[in-house]
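Undergrad: So the protein sequences, as listed, match chains A and W. Residue numbering for the first sequence follows this note's numbering, beginning at 1 and increasing consecutively. Residue numbering for the second sequence follows this note's numbering, beginning at 111 and increasing consecutively.
Just so you know, not all the hints are guaranteed correct.
SDA-like cross-link-like pairs, simulated, lysine to any residue; straight-line CA separation at most 25 Å [what the hints assert, rightly or not]: (1) W:K193 x A:G41; (2) A:K54 x W:E113; (3) W:K167 x A:E67; (4) W:K167 x A:N92; (5) W:K167 x A:G16; (6) W:K193 x A:E67; (7) A:K54 x A:G16; (8) A:K54 x A:S19; (9) W:K152 x A:E67.
Since the hints were made in silico from the structure, they are not lab data.
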Amino acid sequence: GIQVEQSPPDLILQEGANSTLRCNFSDSVNNLQWFHQNPWGQLINLFYIPSGTKQNGRLSATTVATERYSLLYISSSQTTDSGVYFCAVEGNNAGNMLTFGGGTRLMVKP
Amino acid sequence: EPEVTQTPSHQVTQMGQEVILRCVPISNHLYFYWYRQILGQKVEFLVSFYNNEISEKSEIFDDQFSVERPDGSNFTLKIRSTKLEDSAMYFCASRRGGGYGYTFGSGTRLTVV
């Protein structure tokens with residue numbers, strides 16, 4: 001099946017700093033989503049972004065489908081940004097399902 | 111914004127007991143899914159459901175698991191005889207169709223003791 005690798009696995013930031021999270025995938029995709037898992041375990045959808053660039057407030061994401069990667073940018077980080085960020089993809093040849101990466105655990109310190 | 115609703119939010123059960131996890135997908139969505147996440151690990155696909163039947167399932171989804179859409183709104187996951195290793199967060203998801211994003215519920219945290 002499709003492989004999804006996220007980096008870095010862990011990230012500690014000071015409040016106000018910027019960061020870039022990366023997601024590499026091993027095959028062409030129909031769908032790519034970024035999620036934030038909050039401390040209560042809920043998966044909050046951030047972006048549906050199989051290609052191109054989107055922005056939502058302090059967050060933006062870019063997917064370069066031809067090169068099989070996606071980036072999530074967090075600017076002016078806040079303590080409430082802490083949690084785990086997951087990239088999930090639906091491969092063109094991998095069936096009707098999302099495959100999740102291992103996540104990036106982000107801690108933002110005040 | 112429409113939501114996927116899951117109940118209960120937490121469930122504790124004894125090993126060997128049957129549990130049913132419930133989900134109400136978004137009303138105009140056609141595809142339904144169950145995923146699970148063992149504590150500290152990645153989110154894993156269990157099963158997808160379309161047109162009143164299972165369309166795909168993973169190796170995790172063995173004979174102990176079953177899914178059902180008993181009426182026009184609910185989507186359930188049943189674990190027949192729970193094991194300690196079934197302890198996990200179970201997520202339901204739905205989507206309108208191909209080319210649309212997946213919407214996840216808030217999850218049910220299942221603890222088997």
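Undergrad: Sort out which numbered hints this structure fails and list those numbers smallest first.
TA: 3, 5 and 6
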